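With the hints as your guide, set chains B and C onto chain A.
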Amino acid sequence: MNIVYVLDILGTFAFAISGALVASKKQFDIFGVIIIAFVTAVGGGMLRDILINAHPINWIGDLNYIWTILIGVLCTFLFKSKIEPLRKTFFLFDTIGIAVFTLLGLQKGLSFNLHPFVALIMGMVSAVFGGVIRDVLTSKVPLIFKKEIYASACLSGGLMYLILNYFSIDTTISFIISSVVIIGIRVLAVLFELELPKVKDDIFGK
Amino acid sequence: MNIVYVLDILGTFAFAISGALVASKKQFDIFGVIIIAFVTAVGGGMLRDILINAHPINWIGDLNYIWTILIGVLCTFLFKSKIEPLRKTFFLFDTIGIAVFTLLGLQKGLSFNLHPFVALIMGMVSAVFGGVIRDVLTSKVPLIFKKEIYASACLSGGLMYLILNYFSIDTTISFIISSVVIIGIRVLAVLFELELPKVKDDIFGK
Amino acid sequence: MNIVYVLDILGTFAFAISGALVASKKQFDIFGVIIIAFVTAVGGGMLRDILINAHPINWIGDLNYIWTILIGVLCTFLFKSKIEPLRKTFFLFDTIGIAVFTLLGLQKGLSFNLHPFVALIMGMVSAVFGGVIRDVLTSKVPLIFKKEIYASACLSGGLMYLILNYFSIDTTISFIISSVVIIGIRVLAVLFELELPKVKDDIFGK
Numbered sequence: 001m002n003i004v005y006v007l008d009i010l011g012t013f014a015f016a017i018s019g020a021l022v023a024s025k026k027q028f029d030i031f032g033v034i035i036i037a038f039v040t041a042v043g044g045g046m047l048r049d050i051l052i053n054a055h056p057i058n059w060i061g062d063l064n065y066i067w068t069i070l071i072g073v074l075c076t077f078l079f080k081s082k083i084e085p086l087r088k089t090f091f092l093f094d095t096i097g098i099a100v101f102t103l104l105g106l107q108k109g110l111s112f113n114l115h116p117f118v119a120l121i122m123g124m125v126s127a128v129f130g131g132v133i134r135d136v137l138t139s140k141v142p143l144i145f146k147k148e149i150y151a152s153a154c155l156s157g158g159l160m161y162l163i164l165n166y167f168s169i170d171t172t173i174s175f176i177i178s179s180v181v182i183i184g185i186r187v188l189a190v191l192f193e194l195e196l197p198k199v200k201d202d203i204f205g206k
Numbered sequence: 001m002n003i004v005y006v007l008d009i010l011g012t013f014a015f016a017i018s019g020a021l022v023a024s025k026k027q028f029d030i031f032g033v034i035i036i037a038f039v040t041a042v043g044g045g046m047l048r049d050i051l052i053n054a055h056p057i058n059w060i061g062d063l064n065y066i067w068t069i070l071i072g073v074l075c076t077f078l079f080k081s082k083i084e085p086l087r088k089t090f091f092l093f094d095t096i097g098i099a100v101f102t103l104l105g106l107q108k109g110l111s112f113n114l115h116p117f118v119a120l121i122m123g124m125v126s127a128v129f130g131g132v133i134r135d136v137l138t139s140k141v142p143l144i145f146k147k148e149i150y151a152s153a154c155l156s157g158g159l160m161y162l163i164l165n166y167f168s169i170d171t172t173i174s175f176i177i178s179s180v181v182i183i184g185i186r187v188l189a190v191l192f193e194l195e196l197p198k199v200k201d202d203i204f205g206k
Numbered sequence: 001m002n003i004v005y006v007l008d009i010l011g012t013f014a015f016a017i018s019g020a021l022v023a024s025k026k027q028f029d030i031f032g033v034i035i036i037a038f039v040t041a042v043g044g045g046m047l048r049d050i051l052i053n054a055h056p057i058n059w060i061g062d063l064n065y066i067w068t069i070l071i072g073v074l075c076t077f078l079f080k081s082k083i084e085p086l087r088k089t090f091f092l093f094d095t096i097g098i099a100v101f102t103l104l105g106l107q108k109g110l111s112f113n114l115h116p117f118v119a120l121i122m123g124m125v126s127a128v129f130g131g132v133i134r135d136v137l138t139s140k141v142p143l144i145f146k147k148e149i150y151a152s153a154c155l156s157g158g159l160m161y162l163i164l165n166y167f168s169i170d171t172t173i174s175f176i177i178s179s180v181v182i183i184g185i186r187v188l189a190v191l192f193e194l195e196l197p198k199v200k201d202d203i204f205g206k
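Residue numbers (the UniProt record's numbering), protein chains in the order written: chain A, 1 to 206; chain B, 1 to 206; chain C, 1 to 206.
These are calculated hints, taken from the structure and not from any lab test.
There could be a bad hint or two in this list.
All copies of an identical chain are treated as equivalent in the list; a pair is satisfied when it fits inside any one copy or across any two copies.
[As the list claims (entries may be wrong)] Below, simulated PhoX-like cross-link-like pairs (lysine-lysine); rule was C-alpha separation at most 25 Å, straight line:
| # | residue 1 | residue 2 |
| --- | --- | --- |
| 1 | Lys26 | Lys80 |
| 2 | Lys25 | Lys82 |
| 3 | Lys140 | Lys26 |
| 4 | Lys80 | Lys25 |
| 5 | Lys140 | Lys25 |
| 6 | Lys88 | Lys26 |
| 7 | Lys108 | Lys25 |
| 8 | Lys25 | Lys88 |
Here the structure is a predicted model, which means the values were calculated and not measured.
In isolation and in its complexed conformation, chain A is listed as follows (with noise of 0.2 Å):
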């Protein structure tokens, strides 16, 4: 599965510059840019990791993370003025990341004889921790609570994954069948601007 690993890699990348965009914005240092890079890009695959005790965790057992995030970093400091054209290019890494990232998490999971319904906890947690980690360094309500069709996104491709899988699809098959339905949802919902219906406060009668 190199291909998968190459795009979980690219998503790797697309996470650590968002968190470096996030971490530049609220005036850190640059030890505290990394941190933040480092938590957005890892932090999601490495609560599941600790949450299902799979030692050793992500960014611990394979290097290249570390280094990507670093490059990431590096890549925001040296081409920040062209972030902002690149605009489309750097959306699309980061649904990649977020499809693949759910689908690698969620596979993580089975493969660890979890019952299919926290595996597919396990592949949104990785997908969506690292941003609320990030979210809660830099002292923001994750964003992920309030307006994000993320979580949706990775819902449906998750369990469109585990449906094939129940039916004994081919894995390749599912895998790239249920990224095109997060990705599919993730664009679709930034096109329509789409959102989950909110909890009002008044609807508690207070």
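Chains B and C only, in chain A's frame:
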């Protein structure tokens, strides 16, 4: 100890609802609400299990926690306007929850051959840190640090359990007596609006 | 290495006091103060041990950390008005603390057969993340990301240790030299008010 399991689930249910309520007031979307309900309900036990290396951790080893939380969130949505009137029932569940969480956490610590003092900390972590994680994720200074008698109630009940345990009192009886201590302190604290003394800034001469 | 253990405990003591001071300024009650002192002092080592699967984790495997922290909190309460005048002693303990935490964390990483670069990260996590967790729990953007030379000092000392280690220099001598590097950089940084360059928002063209 079937009754304890039922109380554990009841407590999980109450904690999930309390988390869902906090999240809805923050305008979170449905995923945000579920995640906050989730960490509120099982975050303490999850942290405990990670700290003492008890795998599979609570909600991975027993899916009933997840179903309970999802039902709790559903109930919050369906019966939102009825929760306010049911406040006292809700408070009772919540209080039973912290008692059971504390004592089950403590027992788990002891069964892992931890020092009684560390086991006591694990009991408190189980009861208290779900709320701490909830508050961190919603960008609030954790309530527990400021004006809750929660921790003192858990500590007192946990100490009581350890003392009874030391004198080889029957586990079930110890559990009941210690629960009564925790529930009693919490109820009395709310009735008489007790608070722990605060450490004033000025006493540090600043 | 008895002297190192003593320094480790001294550092834990200093970190606990620093945590207790931060928490008191936030009007926390006594439990809040203890929890913040606790995570400040052992949070970094705890995170390291969870990441590298080193169980029992630091404060569970050695109760002296807990007693040290409790004594530290007690001292903060008793001698609060005397801490300000003792500022320099306190700063010294704190600085010794980060040096010892960094190098012990790095050594632990190496003893777990981690890649030297990952071991270096573990040293920095040990020294720095207690403060990060403290800041997250008190709803502040972690100080370390913004204006501390902390991380650079730890990094430099850790690198020094790895280099000396590579050339098979005696462990004790390496430890001493690397400590001096960390303590020296930190002291010089404070004396000359050095800071790492900040990443300005505007350089990203926004």
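Going down the list of hints, with the structure as the test:
1. In this assembly of identical chains, Lys26 and Lys80 lie within 25 Å of each other by CA distance solely inside one copy; the values are 15 Å within and 34 Å between copies.
2. For a Cα distance limit of 25 Å, the shortest separation of Lys25 from Lys82 inside one copy, 16 Å, qualifies, whereas the shortest one across copies, 39 Å, does not.
3. Both within a single protomer and between protomers do Lys140 and Lys26 lie at most 25 Å apart by alpha-carbon distance, with minima of 11 Å and 13 Å respectively.
4. Taking the shortest Cα distances, Lys80 and Lys25 sit within 25 Å of each other inside one copy (12 Å), while across copies they are farther apart (37 Å).
5. When the C-alpha separation of Lys140 and Lys25 is checked against a cutoff of 25 Å, the pair qualifies both within a copy, at 13 Å, and between copies, at 16 Å.
6. In the homo-oligomer, the alpha carbons of Lys88 and Lys26 lie at most 25 Å apart inside one protomer (23 Å), although the nearest pairing across protomers, at 31 Å, exceeds that limit.
7. In the homo-oligomer, the alpha carbons of Lys108 and Lys25 never lie at most 25 Å apart, since the shortest distance is 34 Å inside one protomer and 35 Å across protomers.
8. Proximity of Lys25 and Lys88 under a CA criterion of 25 Å is satisfied intra-copy only: 20 Å inside one chain copy versus 34 Å between copies.
Hint 7 alone, counting from the list given before, is not met by this structure.
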